[in-house]
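A.B. asks: With chain G's structure known, arrange chain X on it following the hints.
Read top to bottom, the protein sequences are chains G and X.
1 is the number of the first residue of the first sequence in my numbering; add one for each residue after it.
1 is the number of the first residue of the second sequence in my numbering; add one for each residue after it.
Honestly, the hints are just simulated from the structure, not real lab data.
Don't take every hint at face value.
[Said to hold, decoys possible] Using C-beta positions, here's what the derived DEER-type ranges look like:
1) X:Lys-326 to G:Lys-108: 51 to 61 Å
2) G:Pro-91 to X:Gln-71: 26 to 36 Å
3) G:Asp-119 to X:Thr-195: 37 to 47 Å
4) G:Asp-177 to X:Ala-36: 51 to 61 Å
5) G:Arg-135 to X:Lys-112: 51 to 61 Å
6) G:Arg-135 to X:Ala-36: 51 to 61 Å
[What the hints assert, rightly or not] Which chain G residues face chain X? A few, computed with CB under 10 Å, are given here:
7) Ala-48
8) Gly-49
9) Glu-51
10) Pro-72
11) Ile-80
12) Val-88
13) Met-99
14) Glu-144
15) Gly-145
16) Phe-146
Keep in mind the model is a prediction, meaning the values are calculated, not measured.
We treat Cβ as the ideally placed atom computed from N, Cα and C, and that holds for glycine.
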Amino acid sequence: MLKISNLHAGIENNEILKGINLEVKAGEVHAIMGPNGSGKSTLASVIAGKEEYEVTEGSVVLEGENLEDSSPEERAHKGIFLSFQYPVEIPGVSVTNFMKTAINEGRKAKGLDDMPAKDMLKMIRDKAELLEIDRKFLSRSLNEGFSGGEKKRNEIFQMAMLEPKLAILDETDSGLDIDALRIVANGVNKLKNKDNAVIVITHYQRLLEYIVPDFVHVLHQGKIVKSGTKELAHELEEKGYDWLKQETAV
Amino acid sequence: MAFENNIDVEHPVHDIRSEAFKNFEEKGFPTKKEEAWKYTSLKSLQKIDFSIFPKEVNALENKQVKKYFLQEIDTFKIVFVDGIYSSFLSETTHDGVDICLMSAALTKPMYKQYIDVYFNKVASKDDSLTTLNTAFSREGAFIYIPKNKMPKKPVEIVHFSTGNEASLMIQPRNLIIAEENAELQVIERHQSLTTNEVLTNVVTEIFAAKNAIIDYYKIQNDAKTASLIDNTYINQKSNSVVKVHTFSFGGKLTRNNLNFYQNGEYIDSTMKGITILGDKQHVDHHTLVHHIEPNCESHQDYKGVYGENSTGVFNGKIIVDKIAQKTNAFQQNNNILISDKATINTKPQLEIFADDVKCSHGCTIGQLDEDALFYLQSRGIPKKEARALLMYAFANNVLESVRISELKTSINRLIAEKLGVRLGFDL
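With the rest of the complex left out, here is chain X:
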């Protein structure tokens, strides 16, 4: 891939970019030889000749894409088509809060103070895919919520790809800052509208200052020819609460690198996920919580249902530094295999250096309970629907912490769709 021809040397973050590029050049794409990529191979994706920058802007009609947004409630929208901002589909704001574009934040003087302090500060400087994004990302969402503020409505960040290129690689870059006592809800979605190949390598940096509350929802229900590498880095200060929910039902290959850094006390970091896969789909959840200071909590609860030839990975790493006493870290990963050919690799990875901590982890891999299935069937519910109900029952507690009820309804619909059933009521 010829990236270097496209470097803009005049750019304000040029130094950061060229350094990142150097790193990527050294490291290259990760291979299965690396422990963190043991179960996820990017080889087949690397063989595809992706266009890095799309040639023309593709207009989308609202009615073509309406169904990919929350419909029952109003939201701010930052929408991209083939990686390029679509002002037509978006609704941004500068009214008390900034919900706008990364390109604007990087170039306008009024945002320089934030870029200097936050840009590329929590994202990894040596993870190769992150540095690839740092070097080449041109666009994304920029959200700045000042002290004590909360946007009037949730923010949707949506990336569409139109299939205008036979195969397209997009590298969005998001920067989200919530100052003291600020509150924010974000929904992120990547959606390919055709069966052309798409590879998205997204980096999101999130900063939660003291007492800030952020709910971040990732909807991964993309086409079977779309792959996603999601690199999310979260820096939390004291008493902040950040919850990330990841709903993975679609896509070809999805890799989630979700990293929390607790730089303060009394922090709550929550990661929850529902993964339901079929076909040859692959989803890999790599989570990291780094407990750097005392008296913090982290909660992880990932549920997975794997059918047909799908494969899943859960790797949950928890680091508790020596001074991070009174840490409470919980991790749970439960899986159901509904086909003989489906696979899940699950691994907790605990590195605990403090002595007064509570850490618990548990992973289970099971099958659907035959007695429960019989119970439902004996009430006249056919096997397929009965299985779907049981899978839903298995996973649905993850939805309890979703605080946007319309989103919950919409996720329930996606689940019913994914399980291929109509149950006569909204789940």
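Just chain G, with the same shape it has in the complex:
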């Protein structure tokens, strides 16, 4: 589904990603772990097409199509979804209206008419239930005054609504208490199927107890320095990242 080859990217001549290779197949869950500043969030932003990052070498290919010239919205229409570490507050625009706009813009891009209001409401209700979201929450302004947990739950709600092929969860566990974490992880697991894929970006192993990865990659100084199965995550949890730094320094 996703093939990243020798990806170099950075911001204002400062190279952050220094040759990433990663292949994600449909039905898989990949975890990307690594210390702060290793380039995890940059990788997520580059896949989603954030314009301030410049790709200097290599490619990101989704289902055989090079995304080089695609804008963030085009990537979204092609099925990429990024759950933000810090979701943005949009006062005056309700969660419901925001989702209506997002869904219908996606349909417009595919040459479809707006989703009938009745179907939209049903879909919103169903997905809200999946994430144990109260209906009152849906009429509040997007992310405005939301707690950390509410913001993250709302991100996964948006993911449920948009039904992406590839979802990237950037530090979705940060700021979540154990109950919220379980709800969010449950939601992701219910949305997971053999045709889509998930990349979980996290500093800690905690979230991976709930969203179990098929593969774990360790990112360090802009490169994937180690890949393995979920046992690698346990190893990192025990040893921390210091051994890694020493290993790469050698």
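C.D. replies: Structure of chain X alone, referenced to chain G:
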């Protein structure tokens, strides 16, 4: 401009008019040399040969202008076409309250008591454009709400210009009086229906007696060849609440002179505005709150979004007299520039002579947040729509205090139209 030929010497307020004219003759139009007009030039307007008084009455069909009125709710309407009253488009009343015409108020004996007490009493006697209006205005709205009364529905004051004259200058004059405990909602709009030049120099005097509540909404969404100089003077007595909302999306040149005088205690004066400009549009907000007595509040919150070659000015003056202790005065002006060529000049002007007051002011000029833009785009919302959503999010809290929900809907539509987007829902 040959104004003097048109003076009616028999008129009951003739003395006031001739004095005003004398003042205007001395001062003339303001120039950029004056501090208050530093960023707004009337020069190009003065070059236009405006007709001061239109020659014939122009009839308008209801269906031509329907969209400029609130449609979902019923309202009283005082409508003018090229400065002349249109009884056909209007709905006035004398049932318990007076919602009618300035010309009637100035000439009918039953209104003399109000004219004597209120006419030209809060309007400036030396501001040149105000005196120009005082000298030459012939028509406008007159609203009198007696003690404890409230009209059944909001009042719309609408001025249309038909382009019958190549270039037309209109000088409407409004007088609005709310007695003790009275309540009133007014929506004022100026609308040119063609691309001929129009210059409106309007003066509105508002008197709010004790405990009166007035909501005044100005919709400035005129054609690109229409200019507006709005001079509004508000005199408030104790415990009264007056809120003025100004929505500036259209027009060529707009100057708002909004002046509040607090002649009592526990007064609340609120000024809010949303300005969204493009093209070469220019809007200048000059506000003044004069805190004359103790224990009063004033709130100002103006949001501006400037694109293309547009220019904006915000100048907020707050005067707190020595005896006006315990004054709370807040002022906020936030702006977003969405083009390299757009300009905003913003300036708070505080003159505080009392020592026990709370005054805060803040102005910001920024750009759209790139991270927020990316967030919306990553959800599949195209850049143009995403930018529009962010601009809306930036400005919309000003709408919270709009108390007529149909008006709020209508303003939201104007905003979406101005931003050129269809968001799939009413904002």
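A.B. asks: Which earlier hints turn out false for this structure, listed by number in ascending order?
C.D. replies: Violated hints (numbers, rising): 15 and 16; every other hint is consistent with the structure.
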